[in-house]
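Visitor: Sequence:
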Amino acid sequence: MMQDLDLHLIGEGRHEQLWKVLGAHVQRASDGSLSGTSFSVWAPNAKAVSVIGDHNYWDRATNPMSPTGSSGIWQLFIPNIGMGFKYKFAVCGVDGRWVEHADPMARATQIPPLTASVIEESAYSWTDTAWMNERSNFQSWRAPVSVYEVHLGSWKLGLSYRDLAVELVEYVKTMGFTHVEFLPVTEHPYGPSWGYQVTSFFAPTSRFGTPDEFKHLVDALHRAGIGVILDWVPAHFPKDEWALAKFDGTALYEHADPRLGEHPDWGTLIFNFGRNEVRNFLVASALYWLEEFHIDGLRVDAVASMLYLDYSREEGQWLPNIHGGRENLEAVALLQEATSTSYRTHPGVMMIAEESTAWSGVTRSTDSGGLGFGFKWNMGWMHDVLQYLQYDPIHRVHHHNEITFSILYAWSENFMLPLSHDEVVHGKGQLVNKFPGDRWQKLATLRALYGFMWAHPGKKLLFMGSEFAQNDEWSESAGLQWYLMQYGEHSGVAEMVSQLNDIYRNTPSLWQKDTSSEGFTWLVNSDAGANVLAFARWDDNGEPLVSITNFSPMPHERYQLSFPMIGTWSEVFNTDSIQFGGSGFTNSAINITDGGHVSASVRIPPLATVWFKRS
Numbered sequence: 001m002m003q004d005l006d007l008h009l010i011g012e013g014r015h016e017q018l019w020k021v022l023g024a025h026v027q028r029a030s031d032g033s034l035s036g037t038s039f040s041v042w043a044p045n046a047k048a049v050s051v052i053g054d055h056n057y058w059d060r061a062t063n064p065m066s067p068t069g070s071s072g073i074w075q076l077f078i079p080n081i082g083m084g085f086k087y088k089f090a091v092c093g094v095d096g097r098w099v100e101h102a103d104p105m106a107r108a109t110q111i112p113p114l115t116a117s118v119i120e121e122s123a124y125s126w127t128d129t130a131w132m133n134e135r136s137n138f139q140s141w142r143a144p145v146s147v148y149e150v151h152l153g154s155w156k157l158g159l160s161y162r163d164l165a166v167e168l169v170e171y172v173k174t175m176g177f178t179h180v181e182f183l184p185v186t187e188h189p190y191g192p193s194w195g196y197q198v199t200s201f202f203a204p205t206s207r208f209g210t211p212d213e214f215k216h217l218v219d220a221l222h223r224a225g226i227g228v229i230l231d232w233v234p235a236h237f238p239k240d241e242w243a244l245a246k247f248d249g250t251a252l253y254e255h256a257d258p259r260l261g262e263h264p265d266w267g268t269l270i271f272n273f274g275r276n277e278v279r280n281f282l283v284a285s286a287l288y289w290l291e292e293f294h295i296d297g298l299r300v301d302a303v304a305s306m307l308y309l310d311y312s313r314e315e316g317q318w319l320p321n322i323h324g325g326r327e328n329l330e331a332v333a334l335l336q337e338a339t340s341t342s343y344r345t346h347p348g349v350m351m352i353a354e355e356s357t358a359w360s361g362v363t364r365s366t367d368s369g370g371l372g373f374g375f376k377w378n379m380g381w382m383h384d385v386l387q388y389l390q391y392d393p394i395h396r397v398h399h400h401n402e403i404t405f406s407i408l409y410a411w412s413e414n415f416m417l418p419l420s421h422d423e424v425v426h427g428k429g430q431l432v433n434k435f436p437g438d439r440w441q442k443l444a445t446l447r448a449l450y451g452f453m454w455a456h457p458g459k460k461l462l463f464m465g466s467e468f469a470q471n472d473e474w475s476e477s478a479g480l481q482w483y484l485m486q487y488g489e490h491s492g493v494a495e496m497v498s499q500l501n502d503i504y505r506n507t508p509s510l511w512q513k514d515t516s517s518e519g520f521t522w523l524v525n526s527d528a529g530a531n532v533l534a535f536a537r538w539d540d541n542g543e544p545l546v547s548i549t550n551f552s553p554m555p556h557e558r559y560q561l562s563f564p565m566i567g568t569w570s571e572v573f574n575t576d577s578i579q580f581g582g583s584g585f586t587n588s589a590i591n592i593t594d595g596g597h598v599s600a601s602v603r604i605p606p607l608a609t610v611w612f613k614r615s
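Just so we're aligned, residue 1 is where the sequence shown starts under full-length UniProt numbering, counting upward by one.
Don't read these hints as lab results, they were simulated from the structure. For every residue, glycine included, the Cβ atom is placed at its ideal position computed from N, Cα and C. Wrong hints could be hidden among the right ones.
[Claimed, not checked] Under the rule of at most 25 Å between Cα atoms (straight-line distance), these lysine-lysine pairs were calculated in the PhoX-like manner:
1) Lys-47 <-> Lys-86
2) Lys-173 <-> Lys-156
3) Lys-513 <-> Lys-156
4) Lys-442 <-> Lys-428
5) Lys-239 <-> Lys-86
6) Lys-86 <-> Lys-20
7) Lys-513 <-> Lys-428
8) Lys-239 <-> Lys-47
[What the hints assert, rightly or not] FRET-style restraints, in silico, Cβ to Cβ:
9) Thr-250 <-> Gly-479: 35 to 45 Å
10) Met-565 <-> Tyr-124: 24 to 34 Å
11) Met-83 <-> Val-166: 40 to 50 Å
12) Trp-482 <-> Tyr-190: 43 to 53 Å
When you get a sec, could you build the whole thing from the sequences and use the hints?
Guide: Dropping the structure here:
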């Protein structure tokens, strides 16, 4: 049962392994035989709490729990029940009404729409020791990071965690991505929420298998050299009565005042970030996935909604902080604790913020007053680039600043460039269909965009289906259009992305100085009329890669470009290559021998990106 130190740490909100003391835990005798299961739950305002489940025919009178002093924690040991038993907590609230709740600390659940918790006892033996040892020294900001964003249920329909451990792993390895990022796997009752309305913050969804089978998927990815990032959602939770809402009859996890405790956009509840036990619950959730599932990074969803008390609220609908401002100081403290504790306990992991405002210091260290994230999604880059490319090429001359503006702030934070699921849903259409022109021009623009993106400072993220130019807008209820891969225009884009990733991983100039202006030099940034951009990326040894992008359908037979160094420059990548579906407008080697004249004529294909390296 729970020790005094555990109770003390929980009360202070500092128990970093909360999942080991709260919830349901199988107990075994010294010979390994089953003794039973201990249960514990935090419900400080409850009048009574019982364990109900398969073992007692869901009768709340059979197994009442006992309060533990003034801690607000209720405990009970039930003999002879173990892994696989379904259970809930029956809670009598302050108003005398009984409500059956799932365990907030459940580590396994029934398959939705069923809502009971399931007793879990892991028997998994990890085989990723080499990966984990190497991860502890991983410096992500100086490494190639190319992320494949995946919704597990719709990558291919009907696959289990074990199926994905074969098919997804093989595919991602072939495509050359360094990491996968899973849309939330934390259990959620409503599939069309894509996992962003979480009811079990410590349980992987049972839709695809057991927790140990999810570990098997992570393990398989690690053995293949692929990191795993999870979307994590501490911003809000749904109002389902059987879950966290009014857990003990009071606003326990949420704020009681709707001006602080309800999210107007999503119809969900907002955590009371300032309450010790709630803050502990959330930080422990983050640590749980890093510790127990060997997760390599967390992308924190909807950070902007956490940072501002007036987010999506009109005047009079929100309460200012103690200084009269709009900043949510309690949420800031939570995020700082989550990032700093994650890095301290699990060196080498990545903490990534989806933050869409100009909040200063998202990736600054907490010691310096920042939020402490390792990376921030560059939503500004995504918005500006896609908007620029939606203009007809003849009009792009008037919007050239939109394609160059991101460099002005490229080193203000550590950025990740996202072309995520949010850009291919809700009527926005697929990426390839956002661009003007005929079919060939749309595909060429997409290929040029990827070449530009992979050369641009910042880590990369691409949502599933975009790597082969899926036609239809993404739907969580439909699988990807894999049949398109039989057509050259789609398989060519996939082949190009695979080669992009391969060259990227093996070219330090594309990632070694991502977070420093020393790693970037403009070569052409003002040729708005031609829609041409060129720049050099540099590695630690002063070796450059030159990237040239033509966002016009007009080719250039002899475009004068000043290369940054003498030598023999070879074309190492061209989005217009025939194998990718292009026209084959390529370059021979370019020799520059006179240090005083480094300008040379290059051939630039229409709607294409070309990379050069010195031989």
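Visitor: A separate judgement is required for each hint: does it hold in the structure or not?
Guide: Against the structure, the hints:
As the CA atoms of Lys-47 and Lys-86 are separated by approximately 23 Å, the hinted pair is consistent with the 25 Å bound. A C-alpha spacing of about 17 Å is found between Lys-173 and Lys-156, which places the hinted pair at or below 25 Å, so the restraint holds. Annotation: proposed proximity of Lys-513 to Lys-156 is violated, straight-line Cα distance about 36 Å (limit 25 Å). With a C-alpha separation of about 15 Å, the suggested pair Lys-442 and Lys-428 falls inside the 25 Å cut-off, and the hint holds.
A distance of roughly 22 Å separates the Cα atoms of Lys-239 and Lys-86; the hinted pair therefore holds under the 25 Å criterion. Proximity of Lys-86 to Lys-20 is assessed by CA-CA distance (about 19 Å); at most 25 Å being required, the pair is judged to hold. Straight-line distance between C-alpha atoms of Lys-513 and Lys-428 comes to about 34 Å, which puts the hinted pair past the 25 Å bound. Restraint check for Lys-239 and Lys-47: the C-alpha separation of about 22 Å stays at or below 25 Å, so the hint holds.
For Thr-250 and Gly-479, the hinted distance range of 35 to 45 Å is satisfied, since their beta carbons lie about 44 Å from each other. At about 52 Å, the beta-carbon gap between Met-565 and Tyr-124 misses the expected band of 24 to 34 Å. A C-beta distance of roughly 26 Å is found between Met-83 and Val-166, which places it outside the suggested range of 40 to 50 Å. Distance hint check: the CB atoms of Trp-482 and Tyr-190 are about 26 Å apart, inconsistent with the given range 43 to 53 Å.
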